[in-house]
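Asks: The residues making up each chain are set out below.
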Amino acid sequence: MKTKRLVSVLLIAVMIFSATACSGKSEVTDNKDTGSSNTAGSDAAAGGGSEKVTEIRFTEWDGGDTLAVYEEIAEKFNQSQSKIHVTVMNIPDEYDTKITTMVAGNDVPEVCMLDAASLMYTYAEESIVLNIQDFINKDANFDKSSMLDQFKYMLTSDYMAGYGIGSENITMFYNPSLFQKYGIEEPPASYKDAWDWDTFVNTAQQLTIDKEGRNALDPAFDPENIETYGVTISKWWAGYMPFLYSEGGDYLNENGTAIGYATEEGIDVLQKLADLTYKYHVALTPTSSETMPGASEALTTNKVAMTFDGQWINAALMSDGVDYNVAALPKMGAEAKTTMTFGGISIMNTDKADAAWEFVKYILSAGACEPLYKSGLWLPTNANEYTDEYIKSFITDKHPKNYYESIVVPMMDGTAERPVVATIKNFNKINDIISPALDLLWSGEMTAADAIATIEDQANAEVKGYLGK
Amino acid sequence: MVKINMERILYMSLRAKLGIILAVFAIIPSFVIYNQIMKTYEADMVKVASQNVQSIVKTNNNLIDTTLNRIEDASYLLLNNKDCFDCFSNMDIFTVSDFLNEDRVISDVLGKQFAANNTVYAKYLYMSKWIFDTNNTSMKPTVEEIQKFGLDKKAAEAGGQVLWITGYDYGKWFQTEYLSKKENYKYQYPITMVRQMNFQYSQNGKLYVMKNEQERPVLVVHVLEETLASLYESSVNYEGSIYGVVNEEGRIISSDNKLFPITSLVPERILNLKSSSGYTSYWINNIEYLLCYDDMEGRNWFSFCLIPMTEVIQTTKEQMQNSQRWITMVLLAASVLIAALLSSTISKPIAALTKSAERVSTGDFSADTPVPRGKDFKILTLTFNHMETEITRLIDENYKISLREKDTLIMALTMQINPHFLYNTLNTINMMAILNDDHETSDLIVSLSEMLHYSFRNTNEKIPLSDEVQWTINYINIMSRRFEGVFETKIEIPDELMVYKVPKFFLQPIVENSILHGFEGMSGGGILRLCAEKQGDFIVFTVSDNGKGMEITDYENILQKTGGGSIGLSNVYRRLSLIYGDNYSIELKSEPGTGTTFYLTLPCQS
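The listed protein sequences derive, respectively, from chains A and B.
Going left to right, the first sequence walks through residues 1 to 469 as this note's numbering numbers them.
Going left to right, the second sequence walks through residues 1 to 606 as this note's numbering numbers them.
Please note: incorrect hints may appear among the correct ones.
Capping the alpha-carbon separation at 30 Å, the derived lysine-lysine pairs in DSS-like fashion look like this [claimed, not checked]: (1) K235/A x K186/B; (2) K186/B x K398/A; (3) K429/A x K112/B; (4) K129/B x K272/A; (5) K374/A x K186/B; (6) K211/A x K181/B; (7) K182/B x K398/A; (8) K153/B x K211/A; (9) K211/A x K82/B; (10) K181/A x K181/B; (11) K211/A x K182/B; (12) K181/A x K182/B; (13) K129/B x K211/A; (14) K181/B x K374/A; (15) K82/B x K98/A; (16) K98/A x K112/B; (17) K186/B x K76/A; (18) K148/B x K211/A; (19) K398/A x K172/B; (20) K181/A x K172/B; (21) K317/B x K235/A; (22) K181/B x K303/A; (23) K425/A x K112/B.
Footprint (simulated), chain B over chain A, 3 or more residues, beta carbon under 8 Å [claimed, not checked]: (24) 93 to 107; (25) 286 to 293; (26) 433 to 440.
These aren't lab readings, by the way, just hints derived from the structure by calculation.
Idealized CB from N, CA, C, for every residue including glycine.
Between the sequences and the hints, there should be enough to build the whole structure, so can you do that?
Replies: Quick look at the structure:
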């Protein structure tokens, strides 16, 4: 009797248990759909629970690999300590507009990549961008020697509005197979051995081929039907400045009172560049540019033999495994030169500026951005990263053969000049005046001298001299 | 094999058997219940999941629709842009530098127009002479490429309406050799919006419209497939789920799997579900999927999600199985425990009984097995104890009976000592007495020989009363010669009693006792009475004398039936005991000087 009762009680218990177990289950499934959104929220909540965490934002415009690396850095930084949590905010389009809007709406991001020409110095003058020097002075742990002067964005001699991150040089890319095909010597890797302008033009002429297979030196050459162009140039300040430096000029005259383009050297440089198109027919006209694909595609599909462009093209070419090489830019004057370009990282004027400095320090620390050095996109801006050993460690098999000679060395021997945006006051305004005039030059409607003459006075009126002095 | 197993089971301990039985009885129902519940719930779960996923698909569709609508809206607003109007209505008189200059203006306008649209990858305004704002992305189309693709014609056909071109391979359709060869680039499968822009605006009551002969620019906006995919990605939380968006032609324009590659046509069966919303089951490669689908009404697009049917119920099933496993484990543990407890309530009394049985086997019938509380074993143990007591009693009885049997046997043997020899000898003596003319002696010898003859002729235990009476009379005859004149004999036995069976020789020893002891020392006047009467089922024999009687000690001597009194009497007692057990009685009344009376009561037996 007793046993029977026991068994029946057990069976009932089993039934009840399974019944409740089942009903519990369906709830679980229901929750699942909303689960993913909840976890994100709870993570953040959990982070804030134990200790007060300072949330900061880092805004930047780069997408793709660069964004991925930024996010990786942020993640590592967040893990390295528990007091500050940084979020990467990617703004691919209309960056300046959006930052301006955020600042105007008093929703200032704590750390920003800023374009020196447009916002950095303007904001620094308004104290919206803080002086990094102040943080360096406060921070005894910071290794001052890791900072190189060339990467500092100095508003005045003691106001550091930003620091360069991810330096990228202007360099020459070329398609070795075309040089081999026409039996032409490949351009020199080192700036010491750089071609002079005539050699370069001559080479470009030999490499510019029309439909009939004639090159630009051929009297019967048909400039209306060019199949392969000898060269494409970059039509912005970074595309002209290397040659102006080469001729001993600068963006402004020595006193900082007039634009450099209006000088004899400036006009010569611009004219020589325009002549590539209209005199020698080795470069694209603006109209023919509309039929030309992007730089890396043009290079790999034998549409151009040489390209003057920023080293950022490396990333695409390297990942595509294209057979290409880099070389020193030719010189118009005594010395071959190039220019650096880099974005600046700035600390914005917020309550969380100290936390922002911690992140800036982290991102500027040696090795933080290594993946981008390895992808060929960036060069280091930390002094401690400029050791032969370290440089060799980030140059991979995929880097073009002359990468070290043509891209890294100029950074170390002074061949690469600082970007003009970092050093010229009121740069954007001056540039906006010059650009339409240059349109007249690039369209072949005017000579350099005439084009510059149309805006010289207007541009000079906006010249405010050099920064950081 | 089966046999061996069966044997093994049979030889298992009670606890093991009980445990197995309990476990089987506990687990089988739990499995049955589990399966039943799973069956009922499965249908339910599939339904709930289907509705869930379908609503997710619907939400995603809305999201996609809204995202694309925002781009359409931006393009719509652009139509009234004055800068664009100025640029494109004066295009005919543009110099190259004007193009360069306007490119910057238009880039700025487009940038601002689409600033809020994070989903836009590339946008540009195409004209046969110039493409505005192409420098912002790595996607740099050329005039030739666009014409080869026929983007301009398609836009013209749509006549100023928005047209989405989807489900195509960028490299192949734009016929660029470079991209056709390239594997995996970001904008391989773009979602492309084109719109012929008929710019116009009104100001101060005047409407400015583009001249008819003016070429209308085409706005091209590319959205990356990955951007579209991010709108639905990981919205469905099932392992192995597949998501796809299909355009009006039935071509996949976005997909998160290799089963439905982008640009391929979806299978007929799925395509047939277009312009409806719901869920159904769908088989691919013999795997059953739950297919949830929903159409995007305005666009004539269609999204679907496939989830392996096993996954739909997998998590729930796993959890169910988990708890099922727990229940089983608990039940198993409970069975073991209960088996141990139950078997101890059974095996303990059995062990006690086994011990008792061992004790009994050694001949100890002390009947002291402790009685347990449980009802069944209480009875068993009590019965066992009772059995022991009974056995003790039976053994006792059997023992005594067997002893008496031995006695009787010996006695019988002793009595049978060659009676024929005696008989013949007596005949010889009788012949001699007749020769000597001693008739008296001869008569005695005849009586004696008759008695002898009777005694060994009839070997039956019981004989008719008449025979016994005859035998007694013979004896009395002999004894009355010996004690001539000492006593008289009176016999009062009704004839109807003569037929009843009585034990042999039961009267003679009593009579002998009266003659030898009662009349001892008397010289005459003795009366010996022998009576019998029927009282119910019994016959009462009375043997009385008027002799000297007995003292109480003698009395006791005689009444001690086994005692050392007269051999004859004790023999009678014992034989009667053996024959009738307790079913007879013998009484004795005696007083010195007045005589002795025996009352012997025997059951009537015919």
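Asks: Quick check: which numbered hints come out false for this structure?
Replies: Numbers 9 and 21 - these are the hints that the structure violates, sorted from lowest upward.
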